[in-house]
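Kindly generate the complete structure, drawing on both the sequences and the hints.
These protein sequence lines map, in sequence, to chains C and P.
Sequential numbering of the first sequence, starting at 1, is according to our numbering.
Sequential numbering of the second sequence, starting at 1, is according to our numbering.
Any given hint might turn out to be false.
Repeated chains share a single entry, so a pair holds when one copy, or any two copies, can fit it.
Each computed SDA-like pair below joins lysine to any residue, with the alpha-carbon atoms no more than 25 Å apart [stated by the list, open to error]: (1) 324 x 392; (2) 336 x 127; (3) 59 x 469; (4) 336 x 130; (5) 101 x 140; (6) 59 x 49; (7) 419 x 327; (8) 336 x 128; (9) 318 x 61; (10) 336 x 65; (11) 374 x 353; (12) 324 x 62; (13) 336 x 288; (14) 318 x 56; (15) 358 x 317; (16) 324 x 419; (17) 122 x 325; (18) 239 x 29; (19) 122 x 7; (20) 419 x 132; (21) 318 x 53; (22) 59 x 423; (23) 358 x 62; (24) 318 x 49; (25) 358 x 313; (26) 324 x 127; (27) 336 x 317; (28) 59 x 126.
Hint data in this document are derived by calculation from the structure and do not stem from the laboratory.
The structure displayed is predicted, hence computed values, not measured ones.
Number of protein chains: 2
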Amino acid sequence: MPKDVITTRAKDYNQWYLDIVREADMAEVAEVVKGCIVFKPNGYAIWEMMQRELDNRIKETGHSNVYFPLLIPESFLRREAQHVEGFAPEVAVVTHAGGEKLTEPYVIRPTSETIIGYFMAKWIRSYRDLPLLLNQWANVMRWELRTRPFLRTTEFLWSEGHTAHATEAEAERETLMILHDVYADFAEQVMAVPVIRGLKTEQEKFAGALRSYCIEAMMQDGRALQAGTSHNLGQNFAKAFDITYTDQNNTVQHCWTTSWGVSTRLIGALIMTHSDDEGLVIPPRLAPTQVVLVPIYKNEAERTKVREAVARITADWKGRLRFKIDDRDNLTPGFKFNEWELKGVPVRVEVGPKDVEKGSVALARRDVPGREGKSFVPQDGLTERIVVLLEEIQAALFARALAFREQHSAFVSTYDELKQQIERGFAWAYWDGNDEDEKRIQDETRATIRCIPLEQPGTPGTCVYTGRPTTRQVVFARAY
Amino acid sequence: MPKDVITTRAKDYNQWYLDIVREADMAEVAEVVKGCIVFKPNGYAIWEMMQRELDNRIKETGHSNVYFPLLIPESFLRREAQHVEGFAPEVAVVTHAGGEKLTEPYVIRPTSETIIGYFMAKWIRSYRDLPLLLNQWANVMRWELRTRPFLRTTEFLWSEGHTAHATEAEAERETLMILHDVYADFAEQVMAVPVIRGLKTEQEKFAGALRSYCIEAMMQDGRALQAGTSHNLGQNFAKAFDITYTDQNNTVQHCWTTSWGVSTRLIGALIMTHSDDEGLVIPPRLAPTQVVLVPIYKNEAERTKVREAVARITADWKGRLRFKIDDRDNLTPGFKFNEWELKGVPVRVEVGPKDVEKGSVALARRDVPGREGKSFVPQDGLTERIVVLLEEIQAALFARALAFREQHSAFVSTYDELKQQIERGFAWAYWDGNDEDEKRIQDETRATIRCIPLEQPGTPGTCVYTGRPTTRQVVFARAY
Numbered sequence: 001m002p003k004d005v006i007t008t009r010a011k012d013y014n015q016w017y018l019d020i021v022r023e024a025d026m027a028e029v030a031e032v033v034k035g036c037i038v039f040k041p042n043g044y045a046i047w048e049m050m051q052r053e054l055d056n057r058i059k060e061t062g063h064s065n066v067y068f069p070l071l072i073p074e075s076f077l078r079r080e081a082q083h084v085e086g087f088a089p090e091v092a093v094v095t096h097a098g099g100e101k102l103t104e105p106y107v108i109r110p111t112s113e114t115i116i117g118y119f120m121a122k123w124i125r126s127y128r129d130l131p132l133l134l135n136q137w138a139n140v141m142r143w144e145l146r147t148r149p150f151l152r153t154t155e156f157l158w159s160e161g162h163t164a165h166a167t168e169a170e171a172e173r174e175t176l177m178i179l180h181d182v183y184a185d186f187a188e189q190v191m192a193v194p195v196i197r198g199l200k201t202e203q204e205k206f207a208g209a210l211r212s213y214c215i216e217a218m219m220q221d222g223r224a225l226q227a228g229t230s231h232n233l234g235q236n237f238a239k240a241f242d243i244t245y246t247d248q249n250n251t252v253q254h255c256w257t258t259s260w261g262v263s264t265r266l267i268g269a270l271i272m273t274h275s276d277d278e279g280l281v282i283p284p285r286l287a288p289t290q291v292v293l294v295p296i297y298k299n300e301a302e303r304t305k306v307r308e309a310v311a312r313i314t315a316d317w318k319g320r321l322r323f324k325i326d327d328r329d330n331l332t333p334g335f336k337f338n339e340w341e342l343k344g345v346p347v348r349v350e351v352g353p354k355d356v357e358k359g360s361v362a363l364a365r366r367d368v369p370g371r372e373g374k375s376f377v378p379q380d381g382l383t384e385r386i387v388v389l390l391e392e393i394q395a396a397l398f399a400r401a402l403a404f405r406e407q408h409s410a411f412v413s414t415y416d417e418l419k420q421q422i423e424r425g426f427a428w429a430y431w432d433g434n435d436e437d438e439k440r441i442q443d444e445t446r447a448t449i450r451c452i453p454l455e456q457p458g459t460p461g462t463c464v465y466t467g468r469p470t471t472r473q474v475v476f477a478r479a480y
Numbered sequence: 001m002p003k004d005v006i007t008t009r010a011k012d013y014n015q016w017y018l019d020i021v022r023e024a025d026m027a028e029v030a031e032v033v034k035g036c037i038v039f040k041p042n043g044y045a046i047w048e049m050m051q052r053e054l055d056n057r058i059k060e061t062g063h064s065n066v067y068f069p070l071l072i073p074e075s076f077l078r079r080e081a082q083h084v085e086g087f088a089p090e091v092a093v094v095t096h097a098g099g100e101k102l103t104e105p106y107v108i109r110p111t112s113e114t115i116i117g118y119f120m121a122k123w124i125r126s127y128r129d130l131p132l133l134l135n136q137w138a139n140v141m142r143w144e145l146r147t148r149p150f151l152r153t154t155e156f157l158w159s160e161g162h163t164a165h166a167t168e169a170e171a172e173r174e175t176l177m178i179l180h181d182v183y184a185d186f187a188e189q190v191m192a193v194p195v196i197r198g199l200k201t202e203q204e205k206f207a208g209a210l211r212s213y214c215i216e217a218m219m220q221d222g223r224a225l226q227a228g229t230s231h232n233l234g235q236n237f238a239k240a241f242d243i244t245y246t247d248q249n250n251t252v253q254h255c256w257t258t259s260w261g262v263s264t265r266l267i268g269a270l271i272m273t274h275s276d277d278e279g280l281v282i283p284p285r286l287a288p289t290q291v292v293l294v295p296i297y298k299n300e301a302e303r304t305k306v307r308e309a310v311a312r313i314t315a316d317w318k319g320r321l322r323f324k325i326d327d328r329d330n331l332t333p334g335f336k337f338n339e340w341e342l343k344g345v346p347v348r349v350e351v352g353p354k355d356v357e358k359g360s361v362a363l364a365r366r367d368v369p370g371r372e373g374k375s376f377v378p379q380d381g382l383t384e385r386i387v388v389l390l391e392e393i394q395a396a397l398f399a400r401a402l403a404f405r406e407q408h409s410a411f412v413s414t415y416d417e418l419k420q421q422i423e424r425g426f427a428w429a430y431w432d433g434n435d436e437d438e439k440r441i442q443d444e445t446r447a448t449i450r451c452i453p454l455e456q457p458g459t460p461g462t463c464v465y466t467g468r469p470t471t472r473q474v475v476f477a478r479a480y
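Written out as structure tokens, the structure is:
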């Protein structure tokens, strides 16, 4: 397998991404189903790791998993005015079933606020039924025109949370708790992807939300990727679906609801944050295989000797490390090294006859390719050393991604500076424009306001576009 | 909550089932989406337990998880003649998407042999690519006329395995390995449901299969429930989708493929095997909550004392037991006991002020309701005692279900005996009839041949219907 199967990032960033998806054998475009991909074992295994980590956090914060129907009566979508406007153009419609034309068509869920809202209205009677904290792992469908593996596909997999509360303050607390404690924590601690926590502008918010919050990450081409959203839906869906409760004073009130989601696009974010020109790089906490051990030998005698050492070395790995021993006979060590590099396994251990004699092994870090990342260490204490190394790699990947983001972020005070900076990455700017100003900037620069960061300097300045005084800063960027 | 919220089995078995589903808060019929249910937290949690156990077995036997598109081009379904005949009448069809009429409609997958076959043909080149062992967790849709929660719903959740092999023998080995080591083992060891492993007749086999194997369980009304199927698809799909490989002699050959599946109908099988007139009964290995502890007190002083004891008693439960402490303040102990009985938690621990003084607790087994299942035991050694008790309950539930099946099974040697026996349960009979004989019996008795058991007596006898000599026995029953 020649090294140049992967286009360099410098040469063609988009092609680099597609090459990684293909060469790490993560997914394949399903050209017979518009805009869909097949999740292959290496791609799906990462999603399973993500699911496990997210599911733990979702359950630990008091939510229960449920499953609602895939199909939604078409009329449900129309009940919330902003919602239908946002989603009607991109739904897939079931008009026939069981050999007959349906009296009312169904849409395949693009998201489930409407169908879940309908049932919440049936289930919630009194303040004692609140909060209602639900989550579902499901497939959803949005008929997108331009698609790209993981990042934007017509069908995708996701977790969608839906909750109902007695007061606006509680709904807001839930929305922000999910943003901070579940999504940002997962992105930074597990994916090693630094994110900006922020509020979406009116133009960018979810169709039907009062306020949308998001986490935004920077990819290696300087573009932004929205990695998760959490919406305070206010009473919009509660009014559309009549979700009410009787409070302590026996008065009937509308609930306040929230919804939030993260999807398989996170796999795209993972690839574009950490990978390099050699292939995929997976942070250890998400890696389905954290360590691959490659035995090296030239003849049967060496093989026996090496195999004994490998059994001894790996004896206490089970339960502590997720590992593979690559003892395929028909392939050279070099071929194997290359393959595992392409596939992003964080640590490689090599054991040859000389290592057996010396009581050592060679240890290679995927995040530092080539000689620099290779060391020769004793077999004694190896397991503990690898456990520590994996945490080092996890931290190093986060630090590298954070440094990259900082190097590609700048404060801009004029529209010209803004135009220049969005060619490089994130442009932080004071902002006091309106929706129309925002649209005009988007038309002229293809950049959008990614978010109004929750952490604000608080100092006064002047709006980058209108020149009006304001204390509010926003982040502009081109986005996936 | 009065006890009579659940209809007795003797009075109305079908209503009993629906009452359990409702009162244990497992699911709700989604009347706005034809034949669908909402999986509520208590129902979905059981599915998650099942998924974990099945997924472990599927992975341990060498399969990788993947995910293929929900939508299948309509023409794919037509490529295999028996397959289209079996599934075309019950598919849901997407004719419009993204605001436009599609040039070719898609069907929502009723099962994925066709779309996966299409990709297998692209991925498999040589014998080195075989076997290809895939599984996916997915939702599927079959437009059924008569539906019932969990047992038969238009949309359901399942695991579907799809594999490709070089030879018929290997495909057959895979088909039977899944039947025995994954499905039957899971049903008996985890669900505590005894099953008969058998071969389906031609009439009952999967649309497109060479041979279909199944596991069949007996419900408490004596009817059979097919709890899992494993199909040797022969070369039918390989020929329809051109799934070929080059063998060691450089000759191009068609592959042999298999498929197999278990679904959320297993939740229905679980309910109908173990539950009683008091509510749901869940075997400990599948119970999301294995133990509920109910503290009992009348005043603040008692409450403080009991709470201290509870903290001490449960100190080492985490990681060893899945448990809940029901310290809700506004409900009586009796109400709580009743609720957890309805919901099927295997073991209840009661701790009151007298228990604190005596250093004891009350222990109640869900599988033996009332006084008989209650004992008073020392707090010392309680955790170990509960761990052992849970395994005892697991074994007792299996033994009870097995005894029930044996009591409701009989060998029949005449058609009249067969007609009588299927009113009670399973009828074992010698069989040498043809497809038409089988259909006639079904029309006359509403019973079908559930399977040709893999374990056969091997002794000669005469066919229950034709009187011809044969050594083959089959099992007749009415089925869900």
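Right, here's what the structure says about each hint:
1. 324 x 392: within (20 Å within a copy, 38 Å between copies)
2. 336 x 127: between (60 Å within a copy, 20 Å between copies)
3. 59 x 469: Answer is neither; intra-copy 44 Å and inter-copy 60 Å both fail.
4. 336 x 130: between (55 Å within a copy, 20 Å between copies)
5. 101 x 140: Classified as both; 23 Å inside a copy, 20 Å across copies.
6. 59 x 49: both (16 Å within a copy, 14 Å between copies)
7. 419 x 327: neither (53 Å within a copy, 60 Å between copies)
8. 336 x 128: between (59 Å within a copy, 16 Å between copies)
9. 318 x 61: between (30 Å within a copy, 17 Å between copies)
10. 336 x 65: between (41 Å within a copy, 23 Å between copies)
11. 374 x 353: Intra 18 Å, inter 64 Å, cutoff 25 Å: intra-copy only.
12. 324 x 62: between (36 Å within a copy, 13 Å between copies)
13. 336 x 288: within (17 Å within a copy, 42 Å between copies)
14. 318 x 56: Result: close both inside a copy and across copies, 22 Å intra and 16 Å inter.
15. 358 x 317: Cα proximity of residue 358 and residue 317: one copy only (21 Å, versus 46 Å across).
16. 324 x 419: Neither. Shortest intra-copy (48 Å) and inter-copy (57 Å) distances fail the 25 Å Cα cut-off.
17. 122 x 325: neither (54 Å within a copy, 28 Å between copies)
18. 239 x 29: between (41 Å within a copy, 23 Å between copies)
19. 122 x 7: Answer is between; shortest inter-copy Cα gap is 24 Å, intra-copy 55 Å.
20. 419 x 132: neither (45 Å within a copy, 51 Å between copies)
21. 318 x 53: both (20 Å within a copy, 19 Å between copies)
22. 59 x 423: neither (41 Å within a copy, 46 Å between copies)
23. 358 x 62: neither (53 Å within a copy, 35 Å between copies)
24. 318 x 49: both (18 Å within a copy, 23 Å between copies)
25. 358 x 313: Within one copy only: 13 Å inside, 53 Å across.
26. 324 x 127: between (52 Å within a copy, 23 Å between copies)
27. 336 x 317: within (21 Å within a copy, 45 Å between copies)
28. 59 x 126: within (24 Å within a copy, 45 Å between copies)
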